Every structure is written in structure tokens, then in C-alpha cells.
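Engineer: One-letter residues, chain by chain:
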Amino acid sequence: GGKTADTGSASAASDGPTIALLYGTTGDFSFMDSAYKGFTEAQQEESFAPLELSSPNTDDYQDRVDLALSQNAALAIGIGFQWQQPMSETAHPDTAFVQVDADTGTVIDDVTTISFAAEQSSYLVGVAAALASTSQHVGFVGGVDQPSIQNFYTGFEAGAKSVDPSIVVDKTYLAPLGDFTGFSDPTKGKEAAASMYAGGADVVYAAAGGSGQGVYEEAAASSTDAKKNWAIGVDADVYQTVSDTIKPFILTSAIKNVDVAVKTSIAEFLDGSLEPGEVRYDLSNDGVGYSTSGGFLDAYADQLAAIEKDIVDGKITVPTAL
Amino acid sequence: MTDGQEVLVRLSGIVKRFGTFTANDRIDLTVRAGSVHAVVGENGAGKSTLMKILSGEESPDEGTIEIDGAAVTFRSPRDAQAAGIGIVHQHFLLAPALRVWENVVLADEPGPPVLIDAARARREVGELAERTGFPVPVDAETEDLGVGTRQRVEILKVLYRDARIIILDEPTAVLVPAEAEALFAAMRDFTSAGAAVIFISHKLDEVLSFADDITVIRAGRVVGTAVPAETTASQLARLMVASEMPVVTPRESPVSERVVLETRGLTVAGTEAVPLLSDVAFRVHAGEIVGVAGVEGNGQSELLAALIGRADATGTVLLDGDDVSAATTVQRRARGMGYISEDRHRDGIVLPLSLRDNAVLGYQQLAPVRRGPWFSRAAAAKAAAEIIAAFDVRGGGPATRAATLSGGNQQKFIVGRELLRSPRLLLAAHPTRGVDIGAQAAIWSELTSARDRGLATLLVSADLDEILALSDRILVLHRGRIVAELDARGVDAGTVGEYMTGARGGEEAA
Amino acid sequence: MTAATTAPAASAAPSSERRRARSILSSVLLGFGLLLIAQWVCDAPGLSSSSTWGSALRLTVPIAVVAVGALYSERAGVINVGLEGMMIGGTWGAGLFGWFGGPWVALIGGVVGGLVFGLLMAVLCLELGLNQLVVGVAINVLAAALARFLSDIVFSGLDGGSVARSPRIEGNVPRVSLPFLSGGFGTPDPLRDLEATGIPVLSPLAGIVGGLTRDVSLAAIIGLALIPLTAFVLWRTRFGLRMRASGEEPAALQALGGHVHRTRYSAVLVGSGMAGFAGGYLVLISQGYVENQVAGRGFIGLATLIFGNWMPGGVFAGSALFGFSDAVGLGRPETFRGMLFVLGAVFVVLGGVRLRRRLGARAAVPSLILGAVLLVAALVLPLPSALATAAPYLVTLAVLVVAGTRMRPPRALGRFFPRQNSSR
Amino acid sequence: MIARILRTAAGPVIAIVLALVVTALFLTVSGYSAASAFEVMWTYGTTPESLASTVNNAIPLYFAGIAAAFSLRMGLFNIGVDGQYRVAALVGAVVAASLPFPLWVTLPLTLLASAAAGAAWALVPALLKVYRGVNEVITSILMNAIATTVVAVLLADVFRSGGGQNTGSAPIGENGSMPALIDLGGRVQISGFLPLAVLLGIGFFLLHERTVWGYTVTVANLSPDAAESAGISVRRRIVTSLLASGAIAGLVGLPHVLGTAHRLDGTLPTDLMFTGLAAALLGRSHPIGTALGALVLAFVERSAQVLGIVKLPTEVGTLFLAVVLLSSALGYWVVENGERRLALMAAIRRTRAGRAKEASTR
Ligand SMILES: Nc1ncnc2c1ncn2[C@@H]1O[C@H](COP(=O)(O)OP(=O)(O)OP(=O)(O)O)[C@@H](O)[C@H]1O
Ligand SMILES: Nc1ncnc2c1ncn2[C@@H]1O[C@H](COP(=O)(O)OP(=O)(O)OP(=O)(O)O)[C@@H](O)[C@H]1O
Ligand SMILES: [Mg+2]
Ligand SMILES: [Mg+2]
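Residue numbers (the numbering used here), protein chains in the order written: chain G, 2 to 323; chain U, 1048 to 1557; chain B, 6 to 429; chain A, 1379 to 1740.
Derived from the structure by calculation, the hints contain no laboratory data.
One thing to keep in mind: the hints can contain errors.
[Claimed, not checked] Quick list of simulated restraints, FRET-style, between CB atoms: (1) G/P57 with A/I1380: 39 to 47 Å; (2) U/A1118 with B/R23: 43 to 51 Å; (3) U/R1393 with B/E132: 39 to 47 Å; (4) A/N1715 with B/L223: 43 to 51 Å; (5) B/R416 with A/L1584: 30 to 38 Å; (6) A/L1584 with B/L217: 53 to 61 Å; (7) A/L1481 with G/G106: 45 to 53 Å; (8) B/E339 with G/S167: 15 to 23 Å; (9) G/P57 with B/L217: 53 to 61 Å; (10) A/N1715 with B/R416: 24 to 32 Å; (11) B/E132 with U/R1122: 16 to 24 Å; (12) B/E132 with U/A1240: 20 to 28 Å; (13) A/V1536 with B/G38: 34 to 42 Å.
[As the list claims (entries may be wrong)] As a list, the in silico EDC-like pairs of lysine to aspartate or glutamate whose alpha-carbon atoms are at most 20 Å apart: (14) G/K316 with G/E158; (15) U/K1250 with U/D1539; (16) G/K316 with G/D303; (17) G/K248 with G/D226; (18) G/K248 with G/E269; (19) G/K172 with B/D220; (20) G/K162 with G/D287; (21) G/K316 with G/D165; (22) G/K310 with G/D283; (23) G/K172 with A/E1587; (24) G/K38 with G/D238; (25) G/K229 with B/D48; (26) G/K228 with B/D220; (27) G/K38 with B/D164; (28) G/K316 with G/D283; (29) G/K228 with B/D198; (30) G/K38 with G/D299; (31) G/K248 with B/E339; (32) G/K228 with B/D194; (33) U/K1250 with U/D1260; (34) G/K248 with B/E175; (35) G/K310 with G/D299; (36) G/K172 with B/D48; (37) G/K316 with G/E269; (38) U/K1429 with A/D1535; (39) G/K229 with G/D299; (40) G/K172 with G/E158.
Everything numeric in this text was worked out from a predicted model, so none of it was measured.
The beta carbon of each residue, even a glycine, is placed where N, CA and C say it ideally should be.
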């Protein structure tokens, strides 16, 4: 989130069309932050009047869509699959709609839906985890037991098993469906990871938003001379955001380029090339991927590249939970 | 009055207002060292308020306090304690979950700073109790104690702080005669050592035999002073409330033969092997008052609870020949049982509610107040107005909150509520506890006239005089058993007292 | 009832203490035995592994601290529904202080953050006599809103900070282990080796002891030390006695010259400071403030306080139960089964004992039924994995169903006591 | 009469003024323009769409508030409204989607089923309180967490319909959805739950103020001992009050399920309990007061949506809510204290005058 001290004036700051970002609240260390980042970056690169319609409430999606229309937004970008219903039910003759993070195969009239193949990037980090693991035992910490997070697991497990079918994959969700504290409870994340590392796992993939912080801390804290433990981040390149003492334990991150999706949609809209219909962000168009910061994957770079190519070419079909 | 002995306390021109109400209106009071000074007056006269001012709990709006001839200002009870004043409140101020010794030493704990030397505190309290003749179980939790013991704890709190001026606000209202005697004896020891005792009571014979000086207060003002030797109870009573001493009109009709209440083998199990009430059998006839005497905690409470249907009791209860042993409280009340509870503030009346709402308490399931599912507020208000008029309840109308009534008027209201329904059987516990002479006279006359109309009454009271005055027959309860059944006309307080303490009776009666 | 019983009580004390010690010892042994059986039956080595017990310890601390803090306030007569908010204040304060002062200063910041809301609660409840539930609820809402609002102003611009996160706190408070047992101060770690051997009985014991004594953060030790300290304060100090009195019958305290308001203020503030400390402890784990990281622990603390019947020992038992089941729920599924097995067995044993002692069917039957259900669940039923996340709540509820005794809240809890002579 | 109205209105008015001042202070200190914030909030909040939405959003808050008030009347703190309404919302969603009957049959059945589910969830704290002496607060807190898990398991494994990220239950057709009461076109619609809310308020009032049952609850709450002596079973009052509270709580999620989402999914609002409780406390557990409280809170929530337009953080809305809550309590305090002070001053004047007269006549 950004502090914007220039207040008082409504969105007349810059010329150009009004573009609205409809989102929840930032600070989820996940795609809301990433989307917001894309939106702010776009503001620097393009000329438009930004309109941020954020709300922590889950029951006012329709209100925000209406608000965007009432503010004459030329483009409204909704972050999250919940925008599907209001966007499909609202007449918007003068406004373009983009729905980010839709389910694969979602087609809405006059709406651009963007979906991510998160299972593909998870598959690749699963491969990386299996390659890096010396104990042939890896783990997965999910924030909330919901389909989007299960999808990470499905890809991760398939990737790990593709390297070693007998590999052990632990799995823990920090909170049940509907309880979003699982995304913001690093204490639990840390203890879940601690249990896995102590049980023999040496790579743990954290798809747990803010709780992931606990997993990263635990990877560093539980590593000994005898056993090096790794953590794998999610959504953004975690290596860039954690402190220097933890960097050496971040094997890689599965990346979901929500910011790119937002930025690209805005750019396409401004140059008139944004089309309604489904856009899929996957490995083939760098919509998802994995990070190599720290160089810990250098040894497996060729293997990973080959597998990535197989996925893009369709030789490997990654299972999905969605 | 201040003949030679030095004056220990002098209050002059004390005024205290509560909002629009003036509770103390220019009161003067002089207490000599080595004397017992009684303050009497009707309910709500302002006695407790005056004592709270002297003990530093309230500050006067006007007037001065002198101790030992020096003017003092009390900002808090601590100041008053430093000046040697201790008070035993009318309503006990004990923390129920705290142990006895903790209640005693509270805010004045022995030991190094910050800490409490628990062993020393317990020892000191134990020794103090022994020395002064107020035995208490030092380690017991206060809520497990009976009233008599709680009273002793309150007194120990005062003595522990080395008070020279001891205020007792209605100390004997809840004590049986033997306990009261012990209290007076102990107080005499203090006064002979130079301390002063200020003492409030509605029992005028007690005042006359125990006090050295008497001050009478009415409506917040001093209306007279007296010395016991030169005055009589009825003079005092006239001074207080402009009414005569309560007298019992002799019964006009003989007791009827009709049995209204009969119990057989009534037993209430206790926590231990000893039952709280054991195999109690008796009868009450129409037009008869049967008194139940006993030292507090010998089964009176359980007996009433069992009869009204609040206790898990075994045995048979017959009301007018019908077995009501399995009936609920509501059913029993519907069949004509009235109940004046032991502790009006606990279960007799709901203080925050209006008199209107209190007027139907216990009768809420019956017509006229119950109309289908609806609560008839008009009927309730009518009942309240009737009670207020018929029983001379002063201090408000149906809309008044019960809490703002004085204790005596609350009591009259309860008696009125129970009698208004013309019950067949009245279970009356301590019907005049803590009420002034005027109210006592009123309540007694209501009870006797109801008796003459044929009401059967079971009267439990800690006040033996009351039992002797009102009852036709007396049952004595000791350790949950009836140890004696006496004809009230031929018996004196001493004999009853012996049965009560177990000195007489025992096997042959059981 | 009337005789002074000073002497017998004094002589009875040691023997009753010994009896209590013996019964505690025997239940610990029974529990350990059941644990071993469960471990074998459910094939759940996690039940006695040092990692589970270490986790349990770390998860217990914040709940124990916040609950024991609430104990102060409630013992003094002030209902504390605002614990969650005070903890949130603690996390934010810890994030702020820790950012420029390191971990120890973070803990202080946590205390300060809690105190701010404690002061608010004290003033509103004690001076103005506002409804204590309202104030508590309002503090929870206010703290969450303020934390985000202020983060936006303070943390957003900082390196590594955002609207939902403070910059990272570098370093951590030292961790200690027992020397010569769990490898403290550079000594060898025989317990770890023993745990690894897999010797029956000894190896699980080594796991448990090792888990509880290895690499324990000083912050956790301080937090846990607050429990015996509180017991001491409550029963052995003047402040403790006055606090209990002002929660039971403030008028009695005042009539004896005590200061009800002073006592209640101190209690509310001490309690809020502890709640803030608990927040700071969470921040140390995540090495920084993370929005919403309190995650309902304030409410759990309140529940634990009631579970513990407003007693320090009970609070510890409640939070340990909660922390242990939380740790187990975060671990492997078979460990969860094992725990259910232990619990079920305990209930069945308890029900049997109650039946034998003829305490009546009402006491015995619920524990027997619940015990049987848990045993069946542990051994046969397929358990949805989501159930593990509810483990601490289910376990606590089950224990309440079986154990539930008359709770004894402070009698003046929630009752406003106006300042003396307010009529003037 | 006028004095009484003034007196009743003074509290809330003082509360809102205080809240405005405090929020403005916060905004100004942190460099935002408070005036512009309030202005856009007011402008947006008073559009017909917003007013309609305020009324609609106030309805679940009102249900939650009345549920809380129901238990508060018996001296119980039902902090379990949260879990009760989530379980009940699932039940309601499933019933409404699966019954094949016409609307006028399905709707009442759905309401009943939800109320029953809410009551059932409240049964655990009620029974534990009565038979085991366990404080209802702790049980309710636990039951809330368990409700989350139970709903999650049922939704994921049993009632889930549709795939992808959507975890919702089966969609509810026309025959199960609550129709609009008033439809003025556009989004200016008033939910069909409004009459239910009004009925509930009237029922609450009559039940507590005009029936014998209400009288017995009052007595049982104020003095359990007096109640027992009067033949009122306190235990039964505790159980029925908690069950009724739970039943009403069961309705909280329905406006969303039957009116907005037409299924139970992740969009069910999660914070209704505390906001509803706040409404009840604002309104002092009185049905009309609670209704006003709910409307104020819903208005603030709705109008805060627009803050992004002036680049203000949405937290300002939440902040404002919290401050309204605190200052509402303060507002009552100011009124009551002021009254007492006035009465006292009048009394002193009167006694002085009386004293003077007495002196002069002497
Ligand atoms: N805190 C208070 N606020 C308002 N009025 C009070 C308060 N305390 C006492 N009063 C009023 O002062 C009057 C005198 O009360 P006080 O307690 O002194 O009476 P009393 O003489 O002790 O009566 P009793 O014999 O019943 O004990 C009462 O009638 C009551 O209305
Ligand atoms: N806050 C108050 N407002 C109004 N009246 C009060 C208040 N506090 C006490 N009183 C009244 O003051 C009077 C005296 O109080 P006190 O505590 O002496 O009880 P009491 O009526 O004397 O009871 P008892 O029957 O035990 O003598 C009572 O009428 C009581 O109702
Ligand atoms: Mg008095
Ligand atoms: Mg009196």
C-alpha cells in the first residue's frame, strides 16, 4: 500500500482516461500486493488517472464495480475470482473490464479474464525441491485450505514425484477454508515448518502469504552444519524481500506475475489492443515461472529448462486442482 | 450528659445530602470515652449515613468532626482508622472468596513492604480472636461462614486496627440472643479499657440495657437524647416514630382443627453424611402461628426451602391434605403458599425493579397479572398500589425502584405482597429483621389479623421475643431435627434457649 | 463452624500438599504411559518428539502470557474483552520499537503498545464507568484499524516495510538449553542422541525433556516465568490481596482504607502490558510485525483464563493444553490421531474412576461416551485434514465437557465502582 | 416530552460529533484532509443507491445486534453469534437450493432451518453452562472456531458445487431467493428482509417488555435467587435465551446468501458479529436503538468505500467505526452525568433557598 499525501483533490491529477483497480487490501504478501505493484508501476510508465477502490469487505464487490462506473472509469481491473459475478452481471458499455486470476476457461462477454497456470510454476519448484533435497523428503505449507492453494500443492507434488516417485511430500494447511488468519500467522507457519524439518524434510514450499515469513525464518533457524534446510517462496521472488541472513536458505520462488498482468492489461488498453476473452498466463508467455536469485539452482538449470520446455510443448501435462 | 468523663467524639452540625435528599440535617452527637452510645431512629432516619461520615466513607457537606477535642477532616476511611475509628457495617463488607484472615488484614497487612507475611497474619488474627473472645476459623473462606461468624470477622477487622471508637451498625439484627450477649460482654471489656462504642439498633430493650447514652434521630435530625435509667422503651419509640411499642393483640378465636400444613419425614441431604434437615414432621393448623426457633444454621433455611420447593428434599408435604411433595414452586404458590424470604435483598425483592414489578413476584404465572402469554402491567400496578395503601409502605409509588425504599418499607412491601393474595399458608422468615419499631408494629398486626382470619403461619425468626410474642406453638430445631415442641404460653426464653443450644432435649425429643 | 481451626489447618497443610503432589505425579505417569501406548498403536512418533514438544512450548507462551495478563485485570474486577486489541497494539509497538532497537527493545515496544490500550480501557472503564464489554469490543476494532492506519504512515515508506509489515527486526533474543542435557552453552547434547536411538520409554522421555529444554528463547522463559510470578503476586503480596479484594468486593477494600481505583488501574495496566508482551513475542518469531498475526489469540487467551478458572495454575494448564494440541494439529496426521487416542483413553479412565467412586451417572457418562467416541475416531474413522486445524478448540471443548466445574469468576467482575465521594 | 426526545437524541448526537472530531484529528495529524474525506463520504453516502444499500446492509447487523441483545437481556454474552450465523448460512443455502417448492414454501422453511441451525449451535454453550457450569463466553469462542472448520469441511467435501476457485454451495434459484421488497430500478432496491427485521424488532420488544416470559427473564437476570424463590427456573431461562439468541443469529447470514450471492461462498461477510454487537451496544439493547445503531454503522461502512477516490486509505472507515463505538458510550456518559449534575445544582439551590426562608421566618 502506498501513503499518498496528496489528498483533497479527486482523481483529476493526471490527464488521460481513468483506470480503476478493484482489489481487497494490500499487505497480503501475495497477489494483491503484486497487483498493486503492477498498478503503481503502470502509473509511472503510462499516462492515465488512477482510481484505487480497495475494501477489506467481502460483500461489496458489486458496490465497487458500480463506483468505478460512476467515476467514469474507462477500464476497471478486478483482482480475484470473486469479481466474476459482478463483472458478468453489470452493464458496462463505456468501460472495459479485466478480471485477474480467473479460473482457467472462464469466458465472460465483454470481459477480459486472466488466469494463471500456478500449477506449472509449482511443478517446476517441485522438481527443484526434489533435486535439492538430500533426504528425499520435502514439505508444503499452505496458508488456507482452499482450491487456489491446493493447486500449488498439486503442481508441487507432481513435480517432486516426477524426479523421484518415492519422495515423501508432507502437507499442512494452517487454517481451514474461510479462515484467512492462515495467511497472516507466521507463528503457525514457523511451527508447521519446524515439524517438517524435524521430521526429515529439507525443502519446504510455503504457499501461505504472510505466514510464509515463519517458514523462511525456520529454514534458517533449523539448519545445522549437518543438515541444510531450504524454503521455497511463492508469488513474488521472496529472495529479494527477506533479510540477508535468510537469503541463503531461499532455494527459489514460484512466481505468479500478477503485476505483469495488470501492467500489460493497462498498456494494451491504452494502445487499444485489449480484447475481451480469456488470457492465460503460463510458462509459455512468462506469466508464471520460478526465480533463480541466489544461484542455488544453477546446478540444475539445464534439467529445469528442459522440463519447462516440455511443459510448454505439452509433452508434460501438469495436473491441476482447479 | 458529659459528666466528667472526657469527650472522645464530637460531631457538630453534620449535613449530608444525596442529590436532592438530605439524609443528615445538622446533626450533633457527643460520645464519651468508656461509654456505649446508642443511636436509634426509624428506618431511613440517617443513622448509617452519619456513621459512614464518622468512619470516613462519606464526607459531610457541612459540619465538623472532633476527636479528642481536635478537629479532624477524614478524606478516606484510612484517615478515620488512623484516628482510631472502626466500623462494623450494617450490611457486611466482606470479600466472599477471601479467607477470614485475608479479610481481616486487608489493606493493613503485616510483613515487609510489598509482601504479606501470611504466617504472621494468620497467627495474629488467630491470637486476636482468642484474646477477644470472637472465635473464627482463620483459614476458612468467608463465603462458607454463617452470619454470626461473619459478624465476628467484621468485629475482628475493627479490633485488628486497634480502634478506640467502635461503631456497630445494627450488629444484633442477625444474631441469636446468646450471640448478642457474647457481643455485649466483649464490648463492655473494651469500654472499661477506655474505648467508646457507638451502637445502632432497632431492639429497644437491648438499647436500654446496654447503652449509657441514647441519641434519637428522626428524618435526619436529632430529636432527642436520653439515658436508659430515665426512660422506657415506649417513650423512646414515641420519640422515634410517634408510635407505640408493638403489642400482640390476643387471639379472639381458638385455633381451628383444620390442618393446613403437614410434613412427614422431611429430609434434606447435606454435602457430607449429616443431613441438613432430618426427618422433620409437624402440623400447622388454620389460624395458628407456629414458631420455629433455632440457632442460625440448624436447618431453618432448609426447612423453608423444602416447603416452598427450592430444595432437593425427600419426605412428604401435605397442603390442606393434598400431597404437594412433587409440586414446583409455582404450583405451591398457586395452591396458596406465601413466602417471606429470609434475606429480602437476596430473594425477597429485586432491587433494581420497580415496585410494580416487585408486587407480582412469585405470582407472575397467575391471573390477573398473567393474561395468556401477556404480562398485565395494569394488574401489577394495581397490586402495587394496593400493597402500598394497605400496608402503609412509604417512600414511593408503583413506579419507584425498590432499591430506593428503606429496608423497613421494603419489608412491609414484601409482607404486603404475600398477604395480599390471602394465602392459606404463610412461610415467614425473620419478618421484621432490621425494621424499625413502627414497621415492626405494623407487620405484627398484619400477621395477627391474618391469623385471626384463619391463615396458618410458620414463623422462623432469630428474634426469640418475636417468636414468643406471636406464636401459639414453638418448634425448636437443633442440627436439622425438631428437638422440642412447646406451648408458647407456658414457656420462657431461657427454656427455649436451652433447647436451641442443645443443652436440653437431645435424645428424648428426637 | 465456630471454633478456631488455626492449629489443625496448619498441620494439615503439608499432608494435603503431599497428597496433591502424589496425585499430580501419578497422573503425569499415567499420561506418559498412555502416550507411549498411543504412540505404538497409532504409529505416531511425533507424540513424543522433541520437535512437537518444542513447538508446543513456543505456541503455549503467547496464550499463557495474554491469559495471565487478563487474569490481573479480571481478578481486579475489570472484564477484559479487549485482549485481542491489546495484543495487536503489542505487535505494532514491537514492530516499531524493534525496527530501531532490536529484539529486546521490541519486547519493550510490545509492552508499551499494550499499555496504550490498557490505559484507554482503564480510563474509560474506571473513571467513566462505561460498559466494559463495549470498551473491550471497541478496543479490538480500534487497535486493528489503528495498526493498519499507522503502518501506512510509518512502515510503508521504510525499506522492507509495508502497510502490513514492519521492517525486519535483526537479531533475536538469545536461546538457551540445559547444559549437559540438551546441549546448552556448548556442552554435549545427550538427550538428542538418546532420542535418536529409539530405545523404548527412554527415547520418548528424552524427546519430551529435550523438546522442552532445548533452544528455548529467553522471551519464552520470561513469558512462562510470569505464571509463577503471578501466582506469587496473587497470594503473597499486598497488591495481590488488594487486587483480589477489589474484584470480589471493592467496597470492603475501600472501607478498610484501600485504594480500589489505584489497584484496578495497576491491574489493568499490568495485564495490558502482558498482552502487549505476548504480541511482542509473536513479533520476535516472525522477526517483524505482520498484520493480523495475532489471529484471534487474544480471544483464546480470554477463553483460557476462564478455562483456568481465574487461577494461574489453571491458566497454565489451559494454555499448555491449547499449545500442545495446536502443535500436534500443525504436525503429521498420525500424531493428531495419537493425541485423540490419549485423550479418549484419559476420558475413559476418568469415567471409570467416577463410576467406581459413585459420583453419579451425570459425572461419569459424558466422559465415558466422549472417551469412546475419541478412541473410535483415533483408531478407525477417516479424519478430514481440516479437523487438525481445529484441534486445539476441539480438545479444549472436550476437556470442558468432561471436567467442567462450577466456575468462580470474581464476584465484582464488570461492576463499576465509582470514585469515593463522587457526590460532592 | 421534548426534554425526553432531546435526552434520547443527545447521546447519539454527541457520539457522532465526537467521532467526527477524533477521526478528523487523526486525519489531519497524518497529513490528510479531513474535510474532503467527510465531504465525499457524505455525498456518496446519501445517494439513493447508497441509502438503499445502507438499509440493506443494516439488516444483517440488526439481526446480529438483536441476537446479542437477546442474550444480554439474560446477562449472557453470546460471543458465538459468529459461528452460529456461519453454520446457519450453510444450512440455509443448502435448504434454499435443494427444496423443490415454490417461493412461499421454500422461504419460510429456509428461515426456519437457519434459525434451527443457529439455535443448535448455541445449544452447546447453553447446555455446558447449565449442566457443567462452564461460562458461555469460552464455549462460544471455541464453537466459533469449530464452526469455521465444520463449514469448511462440509463445504469442501459435501455441498460444494462448481469447480475452480469457487468453493460455493449450489446456486439458489428464483424459488429460494428473497425477492426485493421495493425495487425503484437501478440498484435502488430494498431487501425483502426488511419486514422480517421490523417484525423481529417488534417481537423482541413485546416479548421482553410485555410478556410474562420477558418479566421472568428480567427477574432471572437481575436476581437469580429471587427468581428461584418466585418459581422461575433460571436454568431454563438461560437455555431459552441462548437458544433464541442463536436462532436469531442464524438469520444473520441469510440476507447475503438469499439476496446477494444466491449461494454460500467466500463472499459471506465475516465481521457481522462485532459490528452487530456494536449496534446493539450503541442502541443499548433496545430494538429501536439497535436499528439506529445498525443504520449508522452501515452508513459509515458504505460511505467509506468511496475514500479511495480521494486517495484516502480505507482504514479510515474502520477507524471511524471504532471511534463511533467508543464515543457512543461516551455520549451516554456525558448525557447522564450532565443530568445528574444539573439535578444536583438545582437541589442545592433549593435547599439554600429553603434554609434562607427558614432563617428569615425564625
Ligand atoms: N448513597 C445514597 N444515595 C442516595 N441516598 C442515600 C444514599 N445512602 C442513603 N441514602 C438516603 O439516606 C437516607 C438515610 O439512610 P441511612 O442509611 O442513613 O438510614 P438509616 O437510619 O441507617 O436507616 P436503617 O434503620 O434502615 O438502617 C435513606 O432514606 C436514603 O434514602
Ligand atoms: N444509591 C442509592 N440510591 C438511593 N437509595 C439508596 C442508595 N443506596 C442506599 N440507598 C437507600 O438507603 C437506605 C439505607 O441504606 P442501608 O444500606 O442502611 O439499608 P437499609 O435500608 O437500612 O436496610 P436494612 O433493612 O438492612 O436496615 C435504604 O433505603 C437504601 O435503599
Ligand atoms: Mg442503616
Ligand atoms: Mg436498617
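Engineer: Now look at each hint and say whether the structure bears it out.
Structural biologist: For each hint, the structure was consulted:
Between G/P57 and A/I1380, the C-beta spacing of about 42 Å keeps the proposed range 39 to 47 Å intact. The hinted range of 43 to 51 Å is not satisfied by U/A1118 and B/R23, whose Cβ atoms lie roughly 59 Å apart. For U/R1393 and B/E132, the Cβ-Cβ distance of about 31 Å falls outside the hinted range of 39 to 47 Å, so the restraint is violated. Taking the beta carbon of each, A/N1715 and B/L223 are about 48 Å apart, inside 43 to 51 Å as hinted.
Hint check: B/R416 to A/L1584, Cβ distance near 34 Å, so the stated range 30 to 38 Å holds. Here the CB-CB span from A/L1584 to B/L217 is close to 59 Å, well matched to the stated 53 to 61 Å. Distance hint check: the CB atoms of A/L1481 and G/G106 are about 33 Å apart, inconsistent with the given range 45 to 53 Å. Between B/E339 and G/S167 the C-beta distance comes to about 19 Å, which sits within the given range of 15 to 23 Å.
Between G/P57 and B/L217, the C-beta spacing of about 40 Å breaks the proposed range 53 to 61 Å. In this structure the supplied range 24 to 32 Å holds for A/N1715 paired with B/R416, their Cβ-Cβ distance being about 27 Å. Taken as a hint, the range 16 to 24 Å holds for the pair B/E132 and U/R1122, whose Cβ atoms sit roughly 19 Å apart. The given range of 20 to 28 Å is broken by B/E132 and U/A1240, whose C-beta atoms sit roughly 44 Å from each other.
In this structure the supplied range 34 to 42 Å holds for A/V1536 paired with B/G38, their Cβ-Cβ distance being about 39 Å. Our distance criterion of 20 Å between C-alpha atoms is met by G/K316 and G/E158, whose separation comes to about 18 Å. Among the hinted pairs, U/K1250 with U/D1539 is consistent with the structure: their alpha-carbon atoms are about 19 Å apart, no more than 20 Å. Straight-line distance between C-alpha atoms of G/K316 and G/D303 comes to about 17 Å, which keeps the hinted pair within the 20 Å bound.
Distance check on the hinted pair: G/K248 and G/D226 sit about 17 Å apart at the alpha-carbon level, within 20 Å; holds. About 36 Å separates the Cα atoms of G/K248 and G/E269, which puts this hinted pair outside 20 Å; it is violated. At roughly 25 Å between alpha-carbon atoms, G/K172 and B/D220 are farther apart than 20 Å, so this suggested pair is violated. Distance restraint check for G/K162 and G/D287: the Cα-Cα separation of roughly 24 Å exceeds the 20 Å cut-off, and the hinted pair is therefore not satisfied.
The hinted pair formed by G/K316 and G/D165 meets the criterion: a straight-line CA distance of about 18 Å does not exceed 20 Å. Between G/K310 and G/D283 the CA atoms are separated by roughly 12 Å; this keeps the pair inside 20 Å, and the hint holds. Between G/K172 and A/E1587 the CA atoms are separated by roughly 55 Å; this puts the pair beyond 20 Å, and the hint is violated. With a C-alpha separation of about 13 Å, the suggested pair G/K38 and G/D238 falls inside the 20 Å cut-off, and the hint holds.
A hinted pair counts as satisfied when its Cα atoms are at most 20 Å apart, and G/K229 with B/D48 does not qualify at roughly 27 Å. Between G/K228 and B/D220 the CA atoms are separated by roughly 17 Å; this keeps the pair inside 20 Å, and the hint holds. For the given pair, G/K38 sits about 15 Å from B/D164 by alpha-carbon distance, which is consistent with the 20 Å threshold. Simply put, G/K316 and G/D283 have alpha-carbon atoms about 15 Å apart, close enough for the 20 Å limit, and the pair holds.
Taking the CA atoms of G/K228 and B/D198, the gap is about 16 Å. The hint holds against a cut of 20 Å. Between G/K38 and G/D299 the alpha-carbon distance is near 28 Å, which puts this suggested pair outside the 20 Å criterion. Distance check on the hinted pair: G/K248 and B/E339 sit about 33 Å apart at the alpha-carbon level, beyond 20 Å; violated. For the suggested pair G/K228 and B/D194, the alpha carbons sit about 17 Å apart, so the restraint of at most 20 Å is met.
About 15 Å separates the Cα atoms of U/K1250 and U/D1260, which keeps this hinted pair within 20 Å; it holds. For the hint pairing G/K248 with B/E175, the CA-to-CA distance comes to about 13 Å; that is within 20 Å, so the pair holds. A hinted pair counts as satisfied when its Cα atoms are at most 20 Å apart, and G/K310 with G/D299 qualifies at roughly 17 Å. Under the criterion of a C-alpha separation no larger than 20 Å, the hint pairing G/K172 with B/D48 is consistent with the structure, at around 18 Å.
Of the pairs offered as hints, the one joining G/K316 and G/E269 is violated, with about 31 Å between alpha carbons and a cut-off of 20 Å exceeded. For the suggested pair U/K1429 and A/D1535, the alpha carbons sit about 62 Å apart, so the restraint of at most 20 Å is broken. Taking the CA atoms of G/K229 and G/D299, the gap is near 17 Å; set against the 20 Å cutoff, the hint holds. The straight-line distance between the Cα atoms of G/K172 and G/E158 is roughly 10 Å, inside the 20 Å bound, and the hint therefore holds.
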